[in-house]
Amino acid sequence: MASLTLKNLPESLRQELKADAAAQGRSLNTHIIHLLQLSAAEQARRRRMRERRQDLEAFVASLPRTADSTAMLREDRER
-15 MASLTLKNLP ESLRQELKAD AAAQGRSLNT HIIHLLQLSA AEQARRRRMR ERRQDLEAFV
45 ASLPRTADST AMLREDRER
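Be aware that the sequence shown starts at -15, since it is given in this note's numbering, and climbs by one per residue.
Calculated from the structure, these hints are not laboratory results.
Among these hints, one or two may not hold up.
Distance windows between CB atoms, simulated [stated by the list, open to error]:
1. Leu57 / Arg37: 27 to 37 Å
2. Gln(-1) / Glu26: 19 to 29 Å
3. Glu35 / Arg61: 38 to 48 Å
4. Leu(-10) / Met33: 23 to 33 Å
5. Gln27 / Ser(-4): 20 to 30 Å
6. Ser(-13) / Leu40: 35 to 45 Å
7. Ser23 / Ser(-13): 16 to 26 Å
The model shown is predicted, which means the values in this text are computed figures rather than measured ones.
Each residue gets a CB set at the ideal place from its N, CA and C atoms; glycine is no exception.
Construct all of the structure, not just a fragment, from the sequences and the given hints.
Below you can see the structure in the form of structure tokens.
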């Protein structure tokens, strides 16, 4: 497994992370890995949503343009 070293981590952030880890019954290392996994999953979800949106926009752009239906609605109402 790979290792990662954090440099210049603010002491206040370290203390907050350590307190959160303790509150959840985790070691600081395990808690940070958990937070990184959550963040990576969220980034992947957002990337998939952007791709799906682009697919949807491409699909909508490929649909044939329809004429203005105002005249057809007026004719239908007049009947």
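Cross-check of the supplied hints:
In this structure the supplied range 27 to 37 Å holds for Leu57 paired with Arg37, their Cβ-Cβ distance being about 31 Å. The supplied range of 19 to 29 Å is met by Gln(-1) and Glu26, whose beta-carbon atoms lie about 24 Å from each other. Look at Glu35 against Arg61: about 43 Å separates their beta carbons, and that is inside 38 to 48 Å. The hinted range of 23 to 33 Å is satisfied by Leu(-10) and Met33, whose Cβ atoms lie roughly 29 Å apart.
Between Gln27 and Ser(-4) the C-beta distance comes to about 25 Å, which sits within the given range of 20 to 30 Å. Checked against the hint of 35 to 45 Å, the pair Ser(-13) and Leu40 passes, with Cβ atoms roughly 41 Å apart. Between Ser23 and Ser(-13) the Cβ separation comes to about 18 Å, which falls inside the hinted range of 16 to 26 Å.
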